[in-house]
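Visitor: Keeping the supplied structure of chain A fixed, place chains B, C and D upon it in accordance with the hints.
There are 4 protein chains.
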Amino acid sequence: MKVIADICVVPLTGKTSVRAEVKRAHQILVDTGLTVHLHAYGTNIEGDYDVIFAALKKIHEELHRAGVPRISTNIRLGSRTDKDQGIADKLEAVLGKGSR
Amino acid sequence: MKVIADICVVPLTGKTSVRAEVKRAHQILVDTGLTVHLHAYGTNIEGDYDVIFAALKKIHEELHRAGVPRISTNIRLGSRTDKDQGIADKLEAVLGKGSR
Amino acid sequence: MKVIADICVVPLTGKTSVRAEVKRAHQILVDTGLTVHLHAYGTNIEGDYDVIFAALKKIHEELHRAGVPRISTNIRLGSRTDKDQGIADKLEAVLGKGSR
Amino acid sequence: MKVIADICVVPLTGKTSVRAEVKRAHQILVDTGLTVHLHAYGTNIEGDYDVIFAALKKIHEELHRAGVPRISTNIRLGSRTDKDQGIADKLEAVLGKGSR
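Order-wise, the sequence lines are chains A, B, C and D. The first sequence stops at residue 100 when you use the numbering used here, and every number in between is there. The second sequence stops at residue 200 when you use the numbering used here, and every number in between is there. The third sequence stops at residue 300 when you use the numbering used here, and every number in between is there. The fourth sequence stops at residue 400 when you use the numbering used here, and every number in between is there.
Extracted from the complex, chain A is given alone in its bound form (with noise of 0.2 Å):
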């Protein structure tokens, strides 16, 4: 099942800068070789249901091995039937063609 889904995950590791654990979480949604972009509450990653989640659980598991002890995620989550759209296709259509 092909989703789109805005992931955002949220360590609680005993310091305010959160930095490294976000980019290790950014970084194993960009390794699924998926279409993602990051922006400053998230990332959008488009593809494979079960791609995603599995990299999603890999997140978690990977944390709270390098030693952080809570994480809350909040995640969107959108698929449709009634055609195919993207990342990009999304932009488009509230940003109008040609806008990025």
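Please keep in mind that the hints were generated in silico from the structure rather than gathered at the bench. Certain hints may be false.
Here are the simulated SDA-like pairs of lysine to any residue, each with C-alpha atoms no more than 25 Å apart in a straight line [said to hold, decoys possible]:
| no. | chain 1 | residue 1 | chain 2 | residue 2 |
| --- | --- | --- | --- | --- |
| 1 | C | Lys202 | B | Gly114 |
| 2 | C | Lys258 | D | Ser317 |
| 3 | B | Lys115 | A | Ala93 |
Guide: Then chains B, C and D, alone, in the frame of chain A:
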């Protein structure tokens, strides 16, 4: 990996009443056999990551098969290694012992 | 404008226990006098938009004043004009009459 | 209070195309004059809490006036006192300097 998740499925059906679809989604979560708690803006579910996300995939697939062209779901996902905490513990932590 | 919201406050405190901060946040919502329902991953609240978002601002301000350096909150917000539906109605729609 | 928010408005219109409504919602955020960044699953916005949540109220009110019977919005909201960080800083923290 044990997690607590909170799942809010919004079916875009072409009607404003989405009661039947939300009931079906909730039932699929109940059918996992995991501990679930319905509230006014989603369902808490506690248990194995793979079981929960297999159920969520089933929700999207079944609703699409039943004619829903578009679904937008929001998921909160928590995992922790510092202690074993379930739905009941989280409520007790805020409301105090025996509060339910 | 009447809305139903669901608010999940994640304080990044430098400790993994955030019980005190989450209790304080919940109490500020209770103090609005609006109908609230605590669950394992947030609090449902039903009432006037301005009252709810004034309370949410107060939560962020008070927790920062109490020493929390960083807060990440997730909010689900619903409004509708086709009928007047509260927290109790939403539960009944899924679980059936008299189900609570 | 300065915050970074990420806002995803899902109008339940009775059609599956919600392009016009999502464009209008995005335009209301742009009209605040604050820094905004559209992505495939929402809009980042950075600035004063009161300005952002007045705009969000306007989005719900305008869409309802335009005939949308039901709206479900998801908001991520971050505030911090340890440093002043905007949308550009958050991206740079993950992607590295000059990465955009």
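Visitor: All the hints need checking, so say for each whether the structure fits it.
Guide: Hints versus structure:
no. : hint                     : result
1   : Lys202(C) with Gly114(B) : 23 Å, holds
2   : Lys258(C) with Ser317(D) : 37 Å, violated
3   : Lys115(B) with Ala93(A)  : 23 Å, holds
Comparing the model with each numbered hint stated earlier shows that hint 2 is the single one that does not hold.
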